[in-house]
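S.K.: Chain by chain, the residues run as shown.
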Amino acid sequence: MKEELDLKTIKDAAHRLLFDMSEEEFLTLQSEFKVTLKQMKVLGEIEGIDEVAPMTFPIETKITYLREDVAEEPLSNEEVLSNVKEKQSGQIKLPKVVL
Amino acid sequence: MNNVIYEATIGLEIHVETKSNSKMFSSAPNVYGKKPNTSVLPIDLGMPGTLPTVNKKAVENAIKLSNALHMEIDHTLYFDRKNYFYSDLPKGYQITQNERPIGKNGYLLVKLDGKEVRVDIERLHMEEDTCKQLHYTDFTLLDYNRAGVPLCEIVTLPCIHDAKVARLYVEKIREICVYLDVSDGKMEEGSLRCDVNISIAPKGSEQFGTKVEIKNLNSTANVEKAIAYEIERQKSLIENGEKVRQETRRFDESKMETVLMRVKTDAVDYKYFSEPNILPISLSDKFIEDTISSSYELADVKFERYTQEFKVSEYDALTLLKNRSLALLFDETVETCSYYDLLIHFINGDVLTYVSGMNAIFNLSAKHLGELINLVGEKKISNAQARDIFKQIVKSDESPIDIVKKNDISQISDEATLLTLINRLLDENPTAIQDFKNGKGRAASFLVGQIMKETKGKANPALASKLLNEELKKR
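Protein sequences appear in the order of chains A and B.
Residue numbers for the first sequence, in our numbering: 1 to 99.
Residue numbers for the second sequence, in our numbering: 1001 to 1475.
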């Protein structure tokens, strides 16, 4: 694990997460990461830690519920489009999108 | 450079929209072809405060598919969020299974030129479909009916080296989906969609070449054509000293070539993390076993049964198996009819022609089809008569036995009766006898026609023809 996150990595992550910050905020975040990484290092030194499966939820619990496959009455087209600014032919209209 | 032999490495990703009454995580109806934005609930629109619940049927479909693809099935379901920002995704993320796919490490065998080729399948995971976008020149329309439709994504390892194998694999996946009844597998309607990853490298090389992705292939024929084109395109780039770029392309059907969509400059970062709104779900051994044992019979199993048990030819069995509803009709009919060859020929011929012509569900019961083929098998009616009766029973669902009785339809297979008629006709047509002796084959056909005319089509044609030939030779 890296001891320290450089500013370039943090800025790249911010870019990927689609947000921007001031230079000062980036520096604050970098110093906060320093503390976090130090704590992780302490955890990483615990013997046998690699054998412990990572938890994905704060409590270890499993459910068995699956929803029965029964269709319910859907919303009307008017309801679906009630928050829509621009519509056409029962659909939501937006500026041309090309990924 | 020109002497280098290149080998293509191909991996396939197939998205299958699975059949269910409701969507993957919401109770909105899962239907195709409805008016835009009329099969939608707040969950599908990503409204705040809504929570996803996992559809049992979608899980069952995924288990059945995983089992048919010889996969290890995970007994706990985990879901993850795949984050990306695009207008087809109302929540800003797609719920999928990234870390723990429901199925892993499977394979399929496909037959190429009589030889079995193994395709290794890395994973099968469940996810939700995105909304449908219609792109116009200067605007885009969104239809959320498709948003949340259950999907199974099936991903192979990069282990295919031949465009034909890729096509056969997609065909096999489609056949399995259709026979398990987990999807209608219609590529033209988008319920089975295929993306291809392809690279080339000198044969024997341990490193893969640069990977190009071809998206949204809408038929199995196009899968093969697009790959074949792409292999040649990449080869010619390399041979001309150019580099293959990492890019996404699409197949232009009219030009029969792949066209650039976008260059991939950076790996897309989907920032996967566990879906916090769905806790891990335990599937009991019984649930999985019951789901597997309730799976419908696959085409391969039917093929074995038809050729081994019913002794029909491989060709006839394969022809029948191209259409699942006709195979099911055959299965039901053999319970009351044991003229297997007659039955399979009738279904592959007359029934198939009728179904293709009307392009709709038809009104034919297995019981009546069985009666009809039994009448032919017992030589009570001719094939031609059976064809006429078939046209009536698909419209009226009347019993063929009743139709035969009501219209006094029967077949004359009595040799004495036929011989009397044949000899009378020969006496009346000396010219035809002379023509026959002079080698004019049409003379015999003319006389058979006369027999059918005199008997109003009731004479057994094969028997009449045989007897006529014998009598002609005596004269």
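One thing to keep in mind: the hints can contain errors.
Claimed, not checked - Calculated lysine-lysine pairs in the DSBU-like style (CA-CA distance at most 30 Å, straight line): (1) B:K1035 x B:K1186; (2) A:K62 x B:K1082; (3) B:K1380 x B:K1466; (4) B:K1035 x A:K93; (5) A:K93 x B:K1186; (6) A:K62 x B:K1286.
What the hints assert, rightly or not - Away from chain A, derived, C-beta distances all over 10 Å, residues of chain B: (7) S1020; (8) N1240; (9) P1280.
Said to hold, decoys possible - Which chain A residues face chain B? A few, computed with CB under 10 Å, are given here: (10) L27; (11) T28; (12) L29; (13) Q30; (14) S31; (15) L43; (16) G44; (17) Y65; (18) E68; (19) E73; (20) N83; (21) P95; (22) V97.
Honestly, the hints are just simulated from the structure, not real lab data.
Backbone N, C-alpha and C fix where the C-beta goes; we use that ideal spot for every residue, glycine too.
S.K.: Is the Cα-Cα distance between K93 (chain A) and K1186 (chain B) 30 Å or less?
M.R.: holds, 28 Å
S.K.: Go through the hint on L29 (chain A) and say holds or violated, using the shortest Cβ distance to chain B against 10 Å.
M.R.: violated, 17 Å
S.K.: Holds or violated: G44 (chain A) as interface residue toward chain B, Cβ cutoff 10 Å?
M.R.: violated, 20 Å
S.K.: Has the given pair, K62 (chain A) with K1082 (chain B), been kept, meaning a C-alpha gap of at most 30 Å?
M.R.: holds, 22 Å
S.K.: Given Y65 (chain A) as an interface hint, is its Cβ closer than 10 Å to any Cβ of chain B?
M.R.: holds, 7 Å
S.K.: Given E73 (chain A) as an interface hint, is its Cβ closer than 10 Å to any Cβ of chain B?
M.R.: holds, 9 Å
S.K.: Against chain B, run the beta carbon of T28 (chain A) and see if the smallest gap drops under 10 Å.
M.R.: T28 (chain A) check fails; min Cβ-Cβ to chain B is 22 Å, beyond 10 Å.
S.K.: Does the alpha-carbon distance linking K1035 (chain B) and K1186 (chain B) stay inside the 30 Å limit?
M.R.: holds, 19 Å
S.K.: Given the proposed pairing of K1380 (chain B) with K1466 (chain B), does the C-alpha separation stay at or below 30 Å?
M.R.: Roughly 18 Å between the alpha carbons, so the hint for K1380 (chain B) and K1466 (chain B) holds.
S.K.: Using Cβ atoms and 10 Å as the threshold, tell me whether S1020 (chain B) really stays out of contact range of chain A.
M.R.: violated, 5 Å
S.K.: At 10 Å, judged by beta carbons, does P1280 (chain B) keep clear of chain A as stated?
M.R.: Non-interface label fails for P1280 (chain B): nearest chain A Cβ at 5 Å, not farther than 10 Å.
S.K.: Is the hinted pair K1035 (chain B) and K93 (chain A) satisfied, with a Cα-Cα distance of at most 30 Å?
M.R.: Holds, at roughly 16 Å.
Violated hints for the displayed structure, listed by number in ascending order: 7, 9, 10, 11, 12, 13, 14, 15, 16.
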